[in-house]
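Peer 1: For reference, the chains in residue letters:
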Amino acid sequence: MCTLEKRGRVLILTLTGSGEHRLGPGLISSLRSALATARSDPSVAALVTAGEGRFFSNGLDLAWAKNSSEGLSTLVRLVKPLIADLISLPMPTVAAVTGHAAAAGMMLAVAHDYVYMRGDRGVLYMSELDIGLPFPDYFMDLMQAKITDPRTLRDVTLRAKKITGTEAKERGIVDKVCQSASETVAEAVKMAEELAGRNWDKGVYASIRLSVYPKLCKSLEIPQESDEAVRKHFASRL
Amino acid sequence: MCTLEKRGNIYLLTLTGSGEHRFNPSLLSSLRAALSSLLCSSHAPNSALITCAEGKFFSNGFDQSWVRSAPPSQHRIISDLLRGLISDYLSLPMPTVCAVTGHAAAAGCALVLAHDYVVMREDRGFFYMSELDVGLKFVKYFEVFFNEKIPDNQTRRDVLLRSARVTAREAMARGIVDRAAQGIEGTIEEALRLAEEVAATVSDGSKLAEKRKLMFSETWRHVSAAGGSKL
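Protein chains in written order, with my numbering: chain C, 960 to 1197; chain D, 682 to 912.
For reference, chain D alone in the conformation it holds in the complex (with noise of 0.2 Å):
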């Protein structure tokens, strides 16, 4: 579902296999494993992570078939998964770039902006939030967490009540994405550059997350246990 590996000071999470890494709770709880290791253990200064994925997709959204199976009761569990997910993304300590080497949709654009940088794949693939083509409502911490995420009205709108399909040109230039790149390998290897250069300028990663989860006061109200939303 996922790997964690290290090269040098730069943690690459990457979501594997070459289907549309849908959110089912598997693949959610292995993504939370994975960063627990992170949010947990002491590790050295001027670290970074930076989540990928194989294929095609990043991640095509929460898996619709897996809700379809379940009883209705259970069918918030993997919208909590995604909330603890964000959660445990704000609390990372060390900064966090998103290599969107594939077709971002719906949640998966959620796990795109969980991070505090972006690098897009400019030659193919979609930031893509389908929601409203496909008819679903948000929920309060999602609603909230976009707000913050995406402040300027118009590129709000046009993500979010027109269902657009953005490409990381136009990601760039409405302030979604931080820089672009060719191909899967490309966009990796900017990321790692990207890393890189903010890895070197935070020596104190608890510093940084509490700085983050004040920057996004209101996220972090909804998203976290301690927060008093129940989880």
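Extracted from the complex, chain C is given alone in its bound form (with noise of 0.2 Å):
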């Protein structure tokens, strides 16, 4: 389903397979084990995301929803800590994607501090509308959170617009356009390196992060430090 790789002080987890590497219990839990793993080593102080075949990820295990007696609302009620694992992950993370990135597996995408893409092919692409589902809260959150321009939040959610890496770019959604998946890969690897090396306190940089994006850490139930807290840290770093 995923596998890890360490390059130096980067972890590259990708997600492995020809397939959509569509969101069910098994693939989730799989990413959520793999992002532990990336939390617990001291030794790993980048993330890298990518994806192998067509695909980065084409969202929620529907076929799964559709024969299991829960549904679709286990599959979003699952997701949502998958979201958090990555939105608290005590050090920088960056997207590789490699194919396309739909629904939730556009969401994976942009719950990354940096994404890059390919812009050879593959698009970001929002199906909720053109495929008759909501959106989960925290769906909306973490897009208003990363989405900042409001004409292109507009025509993601509203419009559901297949969005190419090159106008992902252009619009502020993606950081980088590279012309092949191997090429997405590789300056994304550079980037976590380059991230890796400024040797940031790992606490700092997620505490950091949630004050960046506080709406949807609360919607995410991560809990943020009181400000006691940070000035004890603060006297403590003395």
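Because the hints were derived from the structure by calculation, they are not lab data.
All clues stand as given, with none of them false.
With a cut-off of at most 20 Å between alpha-carbon atoms, the simulated EDC-like pairs for lysine to aspartate or glutamate come out as follows:
#1 LYS1177(C) x GLU899(D)
#2 LYS830(D) x ASP1108(C)
#3 LYS1161(C) x ASP839(D)
#4 LYS1128(C) x GLU851(D)
#5 LYS1135(C) x GLU851(D)
#6 LYS1191(C) x ASP814(D)
#7 LYS1128(C) x ASP839(D)
#8 LYS821(D) x ASP1186(C)
#9 LYS1174(C) x ASP839(D)
#10 LYS1174(C) x GLU829(D)
#11 LYS1161(C) x ASP1000(C)
#12 LYS1135(C) x ASP839(D)
Short, incomplete list of chain C residues facing chain D, as computed with Cβ under 10 Å:
#13 ASP1108
#14 GLY1131
#15 VAL1163
#16 VAL1171
#17 ASP1186
#18 LYS1191
For glycine and all other residues, C-beta sits at the position ideal for the given N, C-alpha and C.
Dock the two chains into a complex; use the hints.
Peer 2: Shown next, in the form of structure tokens:
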């Protein structure tokens, strides 16, 4: 479902196989396990997430939902802590969007601090409007946090626009566009290495990310430190 | 520490001396005292305030040596004074222009953004939120303030979560700074020009202050004594 590879201080998480990497209970669990590994390894200072094949991730495993008595609401409920894991991960994160990223798959991508994407093929696509599904609240909170240009947000959510890497870069969703899947991964790893090289304190990084996205944190039920705790931390560092 | 002079209808608040203009209780109190004279007294319509600095630095943030020498129970004094200073700028009954004549870092960046308009020196100097690099977290009012002043995701992420050293040109492209100019004098001159332009449009400063507080309502809630937060 997914593999982990260490390159120096960067951990590369790859969604494996030529399929759509749809988020069902199995893949969600594997991803959370991988993120837990990243979190607990003191030698890991940055994360890159990439996909094999034509897809980064095509969203929730709707086939599983149809065949399960618990249905779609279960998957929506299971993805929330996965997104929370990324937003609370105490290190920089770079998504290498190597193929299509749709719906929950696009959420997985934009939940990273930096988004690198191939420009030669693949789209970002919030398909929900087209397939008649609502957005979970935390999806919208994530999009409002990461897509701050109003017309871009409108096109993504109310027009279900398919956005190429190049357009996504112009519109502020993607940070860098690359020529191929392998170049996207290579550049993402390079960026992750640069960020790891800044030697930031992990706890401080995590705390500042929460400060950058406070509304999203609340939505994902990630607790923020009180001012008192922040002051204590400050005093301890003198 | 600072001087307040009047040039026509423009007030010029200068952080004096060739040092880093780091925020300690003395400097922050001096700045608040200077602003209080503008908050309380009545003054001519169509006024404006410019804040600038002498030397290489606009402000390099909090005075760490003062903090190290103070007992822990006193540390929050400078944070609370900065909060009060931001509330003063939000309440000022006239347009405010920051002339970033030198490096602005950490809390110094907060002073820059507390203004309505920013003119920054382009031939040297950075706008640099160094907290991540030095290992400091944000208290709530500070976080709220930066979120309201820098709404663009990628810009806010680069400034706060990448500790980027932003030049004037880049800051302009990204919407943090309004104009860029050459040299300290050039920056102050451009700030004076901009201040005159905006002052001409504001005859009722108190109405401006009301609107400003409404525009940055979350920040106002966190920095104002009236908002319930303990100063």
